[in-house]
Amino acid sequence: MDNEEVFALPDHLVDHDYFLPVVYEDDHILREEEVEELVEEEEVEELDEEEEEEEEPIVRVSETYRLIPGVHNRSRIYVDNLGFKYYKRETRGQRVYLVCERQKQRNQYCPATATVSANLNDNRIRLGYYHDHQPRVIDLNVPFLRETIGEREIDPAVTTSFMKTLCNNEIIK
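Heads up: take any position in the sequence shown, counting from 1, add 96, and you land on the numbering used here.
Just so you know, the hints here were simulated from the structure itself, not pulled from any lab data.
Errors might be hidden in some of the hints.
[What the hints assert, rightly or not] Once the Cα atoms are required to be at most 20 Å apart in a straight line, the calculated SDA-like pairs of lysine to any residue come out as:
| hint | residue 1 | residue 2 |
| --- | --- | --- |
| 1 | K184 | E136 |
| 2 | K184 | R172 |
| 3 | K181 | E136 |
| 4 | K181 | R248 |
| 5 | K200 | R220 |
| 6 | K200 | Q190 |
| 7 | K181 | P231 |
| 8 | K184 | R220 |
| 9 | K181 | E138 |
| 10 | K181 | Q199 |
| 11 | K200 | P165 |
| 12 | K200 | G179 |
| 13 | K181 | R202 |
[Stated by the list, open to error] Taking CB as the label site, the calculated pair distances span:
| hint | residue 1 | residue 2 | range |
| --- | --- | --- | --- |
| 14 | R242 | Y193 | 24 to 32 Å |
| 15 | E159 | Q201 | 19 to 27 Å |
| 16 | Y193 | V167 | 51 to 59 Å |
| 17 | K200 | R222 | 20 to 28 Å |
Computed from a predicted model, the values in this text were never measured in an experiment.
In this text, a Cβ means the ideal position worked out from N, Cα and C, and glycines have one as well.
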């Protein structure tokens, strides 16, 4: 069967077969059992999606925080009791405003913000917006080791000039 015979086309479109609809010789006709199976599969998928939507994430609220050394000299990172990391955005009066560490990453942005008191003895943290991700696992020994090595590097009393010796001595301690 020729497509040109079935469909009346203007003469200028006859040479362009991309305009013609695709006609299949033997279409697959579904039997009743196949139709019922497809309908059942769709219903099961819909139920699974509804169950997933009903499960609300458990929102845990951060209550306290601790300070760990940052990468730069005398910089600090705030870590709450759930393991989320915050950077200081600004200080106004007796309040320090923090943002989630993921606000620096454009592809994984997190809207979470928090406030803490400028008084270091008050270690309570209050969230403005909640996190949309899970906290990363933090090895708290690494920042403190990095800070100690950095302090030893700039200490004029240290006589060794070899970085490897300095690092090994701090790791042993």
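To see whether the hints hold, each was checked on the structure:
Our distance criterion of 20 Å between C-alpha atoms is broken by K184 and E136, whose separation comes to about 53 Å. In summary, the hint linking K184 to R172 is supported, as the alpha carbons are separated by about 8 Å, within the 20 Å threshold. Annotation: proposed proximity of K181 to E136 is violated, straight-line Cα distance about 46 Å (limit 20 Å). With a C-alpha separation of about 26 Å, the suggested pairing of K181 with R248 is violated against the 20 Å cut-off.
With a CA separation close to 24 Å, the supplied pair K200 and R220 exceeds the 20 Å bound. Taken as a hint, the K200 and Q190 pair is broken in the structure, with Cα atoms around 25 Å apart against an allowance of 20 Å. About 8 Å separates the Cα atoms of K181 and P231, which keeps this hinted pair within 20 Å; it holds. Using a Cα cut-off of 20 Å, the hinted pair K184 and R220 holds, with the two alpha carbons roughly 15 Å apart.
Among the hinted pairs, K181 with E138 is inconsistent with the structure: their alpha-carbon atoms are about 42 Å apart, more than 20 Å. The hinted pair formed by K181 and Q199 meets the criterion: a straight-line CA distance of about 11 Å does not exceed 20 Å. Among the hinted pairs, K200 with P165 is consistent with the structure: their alpha-carbon atoms are about 18 Å apart, no more than 20 Å. Distance hint between K200 and G179 is fulfilled; the C-alpha atoms sit about 17 Å from each other, no more than 20 Å.
The suggested pairing of K181 with R202 holds, with an alpha-carbon distance near 16 Å, which does not exceed 20 Å. The given range of 24 to 32 Å is respected by R242 and Y193, whose C-beta atoms sit roughly 26 Å from each other. About 26 Å separates the C-beta atoms of E159 and Q201, a value consistent with the hinted range of 19 to 27 Å. The hinted range of 51 to 59 Å is not satisfied by Y193 and V167, whose Cβ atoms lie roughly 21 Å apart.
Restraint check, K200 to R222: a C-beta distance of roughly 21 Å satisfies the suggested window 20 to 28 Å.
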